[in-house]
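There are 2 protein chains.
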Amino acid sequence: VTLFGTVGETGERALLRHLRQRIPAGPRVKIGVGDDAAAVETPALTLVTTDTLVEGIHFRRDWSPARLVGRKAMSVNLSDVGAMGGTPRFATVSLALPAELPVAFVDGLYDGLLERAGEASVSIVGGNVAATTGPIVIDVTLLGDASAGGVLTRGNALADDHLVVTGALGAAGAGLLLLQAGVRPGQEAAASPGKPSPEDIAPDLIAAALAAHLDPAPPFAFGAAVAESGLAHAAMDLSDGLSGDLAAMCEASGVGAFVDAEALPVDPAASAADRDAALELALHGGEDYQLLLAVPEDAVDRLRGVGDRSGVRVTSIGRFVDTPGVTLRRAGEATALRARSHEHFRSAGRAR
Amino acid sequence: VTLFGTVGETGERALLRHLRQRIPAGPRVKIGVGDDAAAVETPALTLVTTDTLVEGIHFRRDWSPARLVGRKAMSVNLSDVGAMGGTPRFATVSLALPAELPVAFVDGLYDGLLERAGEASVSIVGGNVAATTGPIVIDVTLLGDASAGGVLTRGNALADDHLVVTGALGAAGAGLLLLQAGVRPGQEAAASPGKPSPEDIAPDLIAAALAAHLDPAPPFAFGAAVAESGLAHAAMDLSDGLSGDLAAMCEASGVGAFVDAEALPVDPAASAADRDAALELALHGGEDYQLLLAVPEDAVDRLRGVGDRSGVRVTSIGRFVDTPGVTLRRAGEATALRARSHEHFRSAGRAR
Numbered sequence: 226v227t228l229f230g231t232v233g234e235t236g237e238r239a240l241l242r243h244l245r246q247r248i249p250a251g252p253r254v255k256i257g258v259g260d261d262a263a264a265v266e267t268p269a270l271t272l273v274t275t276d277t278l279v280e281g282i283h284f285r286r287d288w289s290p291a292r293l294v295g296r297k298a299m300s301v302n303l304s305d306v307g308a309m310g311g312t313p314r315f316a317t318v319s320l321a322l323p324a325e326l327p328v329a330f331v332d333g334l335y336d337g338l339l340e341r342a343g344e345a346s347v348s349i350v351g352g353n354v355a356a357t358t359g360p361i362v363i364d365v366t367l368l369g370d371a372s373a374g375g376v377l378t379r380g381n382a383l384a385d386d387h388l389v390v391t392g393a394l395g396a397a398g399a400g401l402l403l404l405q406a407g408v409r410p411g412q413e414a415a416a417s418p419g420k421p422s423p424e425d426i427a428p429d430l431i432a433a434a435l436a437a438h439l440d441p442a443p444p445f446a447f448g449a450a451v452a453e454s455g456l457a458h459a460a461m462d463l464s465d466g467l468s469g470d471l472a473a474m475c476e477a478s479g480v481g482a483f484v485d486a487e488a489l490p491v492d493p494a495a496s497a498a499d500r501d502a503a504l505e506l507a508l509h510g511g512e513d514y515q516l517l518l519a520v521p522e523d524a525v526d527r528l529r530g531v532g533d534r535s536g537v538r539v540t541s542i543g544r545f546v547d548t549p550g551v552t553l554r555r556a557g558e559a560t561a562l563r564a565r566s567h568e569h570f571r572s573a574g575r576a577r
Numbered sequence: 226v227t228l229f230g231t232v233g234e235t236g237e238r239a240l241l242r243h244l245r246q247r248i249p250a251g252p253r254v255k256i257g258v259g260d261d262a263a264a265v266e267t268p269a270l271t272l273v274t275t276d277t278l279v280e281g282i283h284f285r286r287d288w289s290p291a292r293l294v295g296r297k298a299m300s301v302n303l304s305d306v307g308a309m310g311g312t313p314r315f316a317t318v319s320l321a322l323p324a325e326l327p328v329a330f331v332d333g334l335y336d337g338l339l340e341r342a343g344e345a346s347v348s349i350v351g352g353n354v355a356a357t358t359g360p361i362v363i364d365v366t367l368l369g370d371a372s373a374g375g376v377l378t379r380g381n382a383l384a385d386d387h388l389v390v391t392g393a394l395g396a397a398g399a400g401l402l403l404l405q406a407g408v409r410p411g412q413e414a415a416a417s418p419g420k421p422s423p424e425d426i427a428p429d430l431i432a433a434a435l436a437a438h439l440d441p442a443p444p445f446a447f448g449a450a451v452a453e454s455g456l457a458h459a460a461m462d463l464s465d466g467l468s469g470d471l472a473a474m475c476e477a478s479g480v481g482a483f484v485d486a487e488a489l490p491v492d493p494a495a496s497a498a499d500r501d502a503a504l505e506l507a508l509h510g511g512e513d514y515q516l517l518l519a520v521p522e523d524a525v526d527r528l529r530g531v532g533d534r535s536g537v538r539v540t541s542i543g544r545f546v547d548t549p550g551v552t553l554r555r556a557g558e559a560t561a562l563r564a565r566s567h568e569h570f571r572s573a574g575r576a577r
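If you're matching them up, the sequences are chains A and B in order.
Numbering of the first sequence is given in this note's numbering, commencing with residue 226 and proceeding in unit increments.
Numbering of the second sequence is given in this note's numbering, commencing with residue 226 and proceeding in unit increments.
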């Protein structure tokens, strides 16, 4: 069944019925969507996380096709379960939808949600829809199996541990700058006024930056492999930006840290989008959804080996230290690295 | 720490830190709020449900203190887990909040969420906040232990089963009518224009009707006792109204049903609020959050005994039948009982 028209014309019940028909059965799902609750087979220790995307704050309909919004709503939760070393299993999806929204957009959201869930072997087991007079709100709650190797928290980093990150940083922040400058997915070649100037940038790097922001690919399976290996003391995902997230890990662990600027794996897309600001994007840009890990020195090489087998780049960018505070070491100088992660409420306040 | 001012002035991070400090540790919670995900001890079969309250659609700030909104956001989920025969255990709470909202309101929400969770021995293990430019959205996901006696679905009602409901029906619908007529909690004696006319109604019945709508008390522990007893074939909660929910159970079970109007346990608050419409409120009013059960004839008396021990009234109001469709029998006449549950999108659409 394909539905036409708006969410309001379709009605809550018919829309819910339509969406539920799209959700396939999954392994370990005894009772799926359509009853008062789902019933799923769980191990002794289950991870639970929830994260929300709000239209106008976390995504814009004119920046991103619905499918990518759906993928991202799932991906940000995959990132959280991966950062605890778990394996994602079951998701519930709550949508608050304005009456005038085309049903085609909701179908697009579900295209992305189901596609991304399928890639991660996650079953959607609850799909709620509610009416709203405001922007679209997409709330995903994800359950995962904790690893038999233990749960990776952010509170266990020790002084002298290496400060390790996965992948490269700054591409998502660069993508946001490009979107703000008017560049859109599929129109990487179309220039637009403003800085950074997209016409100077290779289209494939523009595409990579946009994809990093709109369709992040957190290394969640690697997170489970790290927990399994027992090689890391602590982990968290880089959602707010390295500066803020590292400060949070240090606070939770009761340690400090330094970051070696020269060692930072700055994404080529960040350098291409804005060479002067690339380091800033890598430090503060946020939404890279890579992992931040605390790894004892004698385990760094073995962790790199785990990364090689998962196709995940692992880079030591500094160390945890006894004394509180985070410093940035650059060209022989050490300066305080202040958390500059953005605050949605404040920017929303400013936008008024 | 008490915070003053608005959510926007406080900022996402400080608000989150404040709320997380309010959430106590709980049994079987290995890792609670504050990390990328929580880690909780789960049995072999876990129930999962999610439900949302949207300001202006499901609640109004001028109708209800924040504490009751928080209680209701938890209660509607307790109802769903109870209707599957489970025992509620762990909840995540996602809030989308406008920047201009006073932090005191958010604290009031958490007063109610934590109070209701405590009453049900539920631990809040995830507490997310996001900025929004629209109305408040409160999304609660609840995990519960499935009963060793099995999971109660809505799809297993058999012809000849008794159609059984808990409690009394229509009070929540009466409460909604009173709220729409201008009556507010704590001002039960203050009359206001419009029908029903509250000055004719005993204040305690007005209070009961308002409480039924604003602070529902689903018999979720009785749901678990029913599953344990093995006495019911099917169960679901009465959230949309008996007419709509019974149609849903019949459809899921591939049966029909009749309801004996004279047997319906109409709540005295419904009769007091609008004597002529009391039956309509009981049939279509919705949000009573009582249970609808399919019970084989030889088990009805024993189920009544289970109810007596839980302080829950159990009433047989009809039967399931082989032929599809739901009929209402009244004064010797049988008429089709049409689902007249409200549709939020449609009423939202009409309100424009």
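No lab work stands behind these hints, which were simulated from the structure alone.
Backbone N, C-alpha and C define an ideal beta-carbon position, used for all residues, glycine too.
Careful: at least some of the hints might be erroneous.
As the list claims (entries may be wrong) - Label pairs and their in silico Cβ distance ranges:
#	chain 1	residue 1	chain 2	residue 2	range
1	A	245	B	454	47 to 53 angstroms
2	A	485	B	340	30 to 36 angstroms
3	A	344	B	245	28 to 34 angstroms
4	B	269	A	555	51 to 57 angstroms
5	A	329	B	550	48 to 54 angstroms
6	B	286	A	565	45 to 51 angstroms
7	A	523	B	325	51 to 57 angstroms
8	A	555	B	246	51 to 57 angstroms
9	A	286	B	385	51 to 57 angstroms
10	A	247	B	501	40 to 46 angstroms
11	B	344	A	476	30 to 36 angstroms
12	A	344	B	560	36 to 42 angstroms
13	B	521	A	269	31 to 37 angstroms
Consistency of the hints with the structure:
1. Distance hint check: the CB atoms of residue 245 of chain A and residue 454 of chain B are about 30 angstroms apart, inconsistent with the given range 47 to 53 angstroms.
2. Between residue 485 of chain A and residue 340 of chain B the CB atoms are about 49 angstroms apart, so this pair departs from the stated range of 30 to 36 angstroms.
3. For residue 344 of chain A and residue 245 of chain B, the hinted distance range of 28 to 34 angstroms is satisfied, since their beta carbons lie about 31 angstroms from each other.
4. For the pair residue 269 of chain B and residue 555 of chain A, the supplied restraint of 51 to 57 angstroms holds, since their beta-carbon distance comes to about 53 angstroms.
5. Checked against the given bound of 48 to 54 angstroms, the beta carbons of residue 329 of chain A and residue 550 of chain B, roughly 34 angstroms apart, lie outside it.
6. Separation of residue 286 of chain B from residue 565 of chain A is about 34 angstroms and departs from the stated range, judged on CB atoms against 45 to 51 angstroms.
7. Distance hint for residue 523 of chain A and residue 325 of chain B: a CB-CB separation of about 53 angstroms, consistent with the stated range 51 to 57 angstroms.
8. A beta carbon spacing of about 36 angstroms between residue 555 of chain A and residue 246 of chain B contradicts the range 51 to 57 angstroms that was offered as a hint.
9. As the Cβ distance of residue 286 of chain A to residue 385 of chain B is approximately 52 angstroms, the hint placing it in 51 to 57 angstroms holds.
10. Taking the beta carbon of each, residue 247 of chain A and residue 501 of chain B are about 43 angstroms apart, inside 40 to 46 angstroms as hinted.
11. Checked against the hint of 30 to 36 angstroms, the pair residue 344 of chain B and residue 476 of chain A passes, with Cβ atoms roughly 33 angstroms apart.
12. Separation of residue 344 of chain A from residue 560 of chain B is about 51 angstroms and departs from the stated range, judged on CB atoms against 36 to 42 angstroms.
13. Between residue 521 of chain B and residue 269 of chain A, the C-beta spacing of about 36 angstroms keeps the proposed range 31 to 37 angstroms intact.
The earlier numbered hints that this structure contradicts are 1, 2, 5, 6, 8 and 12.
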